[in-house]
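> So the chains spell out like this:
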Amino acid sequence: GAVVSQHPSRVICKSGTSVKIECRSLDFQATTMFWYRQFPKQSLMLMATSNEGSKATYEQGVEKDKFLINHASLTLSTLTVTSAHPEDSSFYICSAKDRGISTNEKLFFGSGTQLSVL
Amino acid sequence: QQQVKQSPQSLIVQKGGISIINCAYENTAFDYFPWYQQFPGKGPALLIAIRPDVSEKKEGRFTISFNKSAKQFSLHIMDSQPGDSATYFCAASSDMDTGRRALTFGSGTRLQVQP
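Read top to bottom, the protein sequences are chains Z and C. All letters in the first sequence, in the order written, are residues 1 to 118 by the numbering used here. All letters in the second sequence, in the order written, are residues 1001 to 1115 by the numbering used here.
Just to be clear, a hint being listed does not mean it is correct.
[Claimed, not checked] Taking beta-carbon pairs under 7 Å as the criterion, some of the chain Z residues facing chain C (in silico): (1) Phe34; (2) Ser43; (3) Phe109; (4) Ser111.
Source of the hints: derived by calculation from the structure; they are not laboratory data. Every value quoted in this text rests on a predicted model; they were computed, and no experiment measured them. Virtual Cβ for every residue (Gly too), placed ideally from N, Cα, C.
This is chain Z alone, in the form it adopts within the complex (with noise of 0.2 Å):
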């Protein structure tokens, strides 16, 4: 099956710094992806989506310029976390839908990001 590569799995920073984290599409070109978030226990929360060659499309309340997202290539999205806090530690996940297909049913989930922030 497809394959979404998400990279780091986890990361730990210090109070201030910026991270990055990439979401790719193996074997299919993704011109959608989506990032979530996910608190221990809880639902998975769409932040944002981001097309390929577009401006993302950011969730009510999700700040754009903390949470900076690139979709540069139909197979690579990148989401940064600036200025990171702790308040900011958390589960992410990126999903990316197949280009080839219109609906949900192709839509990849990654192994998902642990951030945790000192």
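Once you have looked at the hints, place chain C on chain Z.
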């Protein structure tokens, strides 16, 4: 309108038993209803999905029952095994909503299958 309500929050089942998780939605534009399985520290993995044109879909030990009029759908895990212990999320989306095709997730159910 975008909310998907899931219950129960947690579930303990004996090995060999049936696990049942329920979800209800509000948005009548939703037309795709998947279930995801998530293990700790991992991303969710698609388990099974259904569209509103059928009332039931079965894949191995997993069955989705769908009630369009009640706007409810459920996941049944037959012959539950300890390896099924995970968190299960229902989700929904509308492929007709061209502007937002992201999945809306339920709150999750932590399933524990006791040996």
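> Each hint: holds or not?
Okay, the hints, checked on the actual structure:
| no. | hint | result |
| --- | --- | --- |
| 1 | Phe34 | holds (5 Å) |
| 2 | Ser43 | holds (5 Å) |
| 3 | Phe109 | holds (4 Å) |
| 4 | Ser111 | holds (5 Å) |
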